[in-house]
Amino acid sequence: MSDPALENRLSALRKFFRLYGSAAIAFSGGVDSTFLLKVAHDELGEKVLAVSAVSILSPKRETEAAAAFCKKEGIRLVTIQIDPLKIPGFKNNPENRCYICKKEIFSKIRSLAFENGIYTVCDGSNADDTGDYRPGMQALRELCIKSPLLECGFTKSEIRELSKEIGLPSWNKPSAACLASRFVYGEEITAEKLQMVENA
1 MSDPALENRL SALRKFFRLY GSAAIAFSGG VDSTFLLKVA HDELGEKVLA
51 VSAVSILSPK RETEAAAAFC KKEGIRLVTI QIDPLKIPGF KNNPENRCYI
101 CKKEIFSKIR SLAFENGIYT VCDGSNADDT GDYRPGMQAL RELCIKSPLL
151 ECGFTKSEIR ELSKEIGLPS WNKPSAACLA SRFVYGEEIT AEKLQMVENA
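The opening position of the sequence shown corresponds to residue 1 in my numbering, with each subsequent residue numbered one higher.
Keep in mind the hints are simulated off the structure, nothing from the lab.
Keep in mind it's a predicted model, so treat the numbers as computed, not measured.
Across the chosen pairs, the derived CB separations fall in these ranges:
no. : residue 1 : residue 2 : range
1   : D42       : N93       : 32 to 42 angstroms
2   : E64       : P94       : 27 to 37 angstroms
3   : L112      : Q195      : 23 to 33 angstroms
Straight-line Cα separation of at most 25 angstroms, PhoX-like style, residue types lysine-lysine; simulated pairs:
no. : residue 1 : residue 2
4   : K60       : K108
5   : K60       : K71
6   : K60       : K173
7   : K108      : K71
8   : K71       : K164
9   : K15       : K146
10  : K60       : K72
11  : K146      : K47
12  : K47       : K108
13  : K156      : K60
14  : K47       : K71
15  : K173      : K71
Heads up, the beta-carbon is just placed ideally off N, CA and C, and yes, glycines get one too.
Using the sequences plus the hints, can you model the full thing?
Structure below.
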């Protein structure tokens, strides 16, 4: 690694996990959460728990890829089933849809982590996630979810660079948007519409 600033950020990330001693990682199989999980597991081993939320909003191939990665790396993975269409207010697709959904998902992830004696829950938000309108970030703050990649200042391009360097297959993976994000606010979200989007 030739960039001293990037090396310092990676050292800070490793130190973060050593400081907390255990962690539950919200794991989607995407670029950010894969890198975060890998670093956490390298530092903490069996004291890391990967948690994947499986729902109609998640393309099946993403769920399968996440499970395959954990199996290959020997990382403990727990999946939780989420039915977003049963979350009050979600299917009406308001502007705070992402907040409503993330609050439900991360409440369940946090409860699962606590049941396993883990009190640090992390997500893969990075420094590029602070500029846009992202109501889901509010849910993370309310639930005291840690975002170590963001805290350490990692950008998406840096995460890709480091992922490639350490041999992660996700380094050049396209960003996978939530299927619900394909609908304009106010348009009702149904299971049939989501299936059509995934099959498109």
